[in-house]
Amino acid sequence: MNPLTAAKYATLLYPIKNAEKVNIGELDLLELGIRALDDKTFIIELEQATPYFLEQLTHQTGKPLHQKSVEALGDQFVKPGNLVTNGAYVLQSYTLNSRIVMTKNDYFYDAENVAIEELHYIPFEDRSTCVRAWEAGEVHICSDLPAQDLERLKIYKDSLRIVPYLGTYYYALNTTDEFLSDPEIRRAMSMVIDREFLSEEIWPGMIPAQSLVPLGINNYPLGSPNTDYFNMSMLDREDEAIAIMARKGISKDRPVTVELMYNSGENHKNTATAIADMWSEIGIKITYKIRDAAAHYAYLRDLGEVQVARAGWIGDYSDPYNFLFLLESDNTGFNYARYNNPEYDALMDRASNELDLNKRAEILQKAEKTIMKATPFLPIFYYSSFTLVSPEIENWKSNVMNKNPTRFLSFRTSG
Amino acid sequence: MLNYAFKRILTIIPTLFAIVTLTFFLMRIAPGGPFDEERPLAPAVLENIQASYGLDKPLIEQYFIYIGNLLQGDMGPSFVYRDKRVHEVLAEGLPISITLGSTALLMALIIGVLLGSIAALNQNKKTDVFIVTFATFGITTPNYVIAPILTLIFALTFSILPATGWGSPSQMVLPVISLALPQIAIVTRLMRGSMLEALKSDHIRTARAYGLPMTHVVGKHAMRSALLPVLSYLGPAAAALMTGSIVIEQIFNLPGIGRYFVTSALNRDYTMVMGTVIIVATLVLVFNLIVDLLYTVLDPRVRYD
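Respectively, the protein sequence lines represent chains A and B.
Per the numbering used here, the very first residue in the first sequence carries number 10; after that it's consecutive.
Per the numbering used here, the very first residue in the second sequence carries number 256; after that it's consecutive.
Don't take every hint at face value.
List of simulated lysine to aspartate or glutamate pairs, EDC-like, C-alpha gap at most 16 Å [to be verified]:
no., chain 1, residue 1, chain 2, residue 2
1, A, K88, B, E343
2, B, K339, A, D84
3, A, K261, A, E275
4, A, K26, A, E54
5, A, K17, B, E302
6, A, K382, A, D84
7, A, K88, B, D547
8, B, K262, B, D547
No wet-lab data here; the hints were simulated from the structure.
Using the sequences and the hints, build the whole thing.
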């Protein structure tokens, strides 16, 4: 919360009173809505109700830092020996790209229930290498797996964990573009995408998406709204989409050219090619613009000219708001579709002030229904997390955030 | 010769300077910057962060600041590894890459020269056919194929060697073999060709006519001229080997510097890109100099005055 430190995730804390103004330098840090009551208690005042705030504090921005050592050591405070923590483990050593070693923190409040004494994190540049290390017994847990190996890895039965993950892969359609401003055209484009095919052939293990908010999210008891065409067969969907486009005077023989932008990557390319093929049926001819990730996102951020752009979103915390806010009209950084619907904004505003979680979920569902109908984003699939967990490890619990703190894990005692 | 070496070293400095300058400006032409990711930063935040790295200053001013720091041995902060300077990052990985690279190089030189000579001495016989087949296989099979196969055999099936990691000698075996194999193959083929040629030359025929023992003729006289093409190849190859291989590093999970050549460019980690370019350029220039000097030792016709 300081304009000089320019923290990347500072915007996440904007629900705190005056946080935004402090972070851009309009107010002094002392004006921030946080104050200490006594040595062990502090109070956070919020801008508005923000029912997901507790959930949001589980994000890394909610973790405390040791003020004195940060001030004294500057950017060296993270080095082994310097890093002060209240967590279950203490940093022992850190070799770049090689290994992070941590040992149990005896001063941790729940230290008696921490079973594993020493912990090694090994970064793997290549996921296949991690799999080989796991198979050779060099690591106990491999936290991301190459999709093409999933079929083969099924021989490890329960050790292979494929679990829905809190993220959505989508295409943004620029609603300010002349051609794409027509919601019926956007809807037709969404209808002809065979998401089952994409998930099976290109993204094994991923789940075909029928909404922007992924499955299994918290504070969304009824889940995402149903969108009518997902109940129809692929053939019927295609027929209806062709009919919609025909009414606009567009067909396979009289196609319109649309530019699709994505960041380089084998599977992004395969996805784009497959979708371009599906769209060709309804008279949309695709030209591609491919950049590496840095250039792609810089272009989107700078509001460059765009028609269709590939994007993805991984939830920061488990609440539908963290997905739906992407399309708020004042969210210029993330709203790649440049969607501007005052009705939607009003619903989102109402949701932010609704303390009754059930009522709030209803409002959010209504908001999601609005965008699924208007289709500024074309959700394609929900991400899944893939993990290999050694049979020696106990208490691994699969969850949508894919978080399994080591303090709760233990080694299976033989016998 | 000392005089020559000194002159060459003097030309290395302006060459390096030109490379650094060119890279600095070329890199900035690429769209996007070190802070563009899937999650965009708020404009105010982006401005602040750029200011703190001096990226808001005019490019030419940034260039002079960079050169100034470089002359003092500071390659600047890495934009990705926030708590480290670029030279610290490179200093951690470089020894690993050099150890790997030089071991592989040594292996390639010894085995390649030996196999190449044996093949040449047994031209068109079974041994020759066998060695040439091996060499062709080695050249055409990329190491991203060899390395996983070796891992599958020695680490996963027989469990006699570790599959990944760095630190113990046993962890070096598979990466060094994977790295050396194509080099052995190339050196073998080069050596076979040049040895065949050397054996046909006049001075060798003369030596043999005098009745000198074959081991002496090959080992002393033919070897010297046959080594020259191998040496010309090894100069740049050594620089390439010692700056690490991203493929081998990924497959065996080694913390070398090969990865930075790719990741730093993709991350627009400007200072890191500069660091890697400086290292490669220096090594290429230095090894070429060493090769040129070795020429005078091996070939009496080459003189630098």
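Now the hints, each set against the structure:
{"no.": "1", "hint": "A/K88 x B/E343", "in the structure": "13 Å, holds"}
{"no.": "2", "hint": "B/K339 x A/D84", "in the structure": "9 Å, holds"}
{"no.": "3", "hint": "A/K261 x A/E275", "in the structure": "28 Å, violated"}
{"no.": "4", "hint": "A/K26 x A/E54", "in the structure": "6 Å, holds"}
{"no.": "5", "hint": "A/K17 x B/E302", "in the structure": "12 Å, holds"}
{"no.": "6", "hint": "A/K382 x A/D84", "in the structure": "48 Å, violated"}
{"no.": "7", "hint": "A/K88 x B/D547", "in the structure": "45 Å, violated"}
{"no.": "8", "hint": "B/K262 x B/D547", "in the structure": "13 Å, holds"}
The structure fails hints 3, 6, 7 (numbered hints given earlier, in ascending order).
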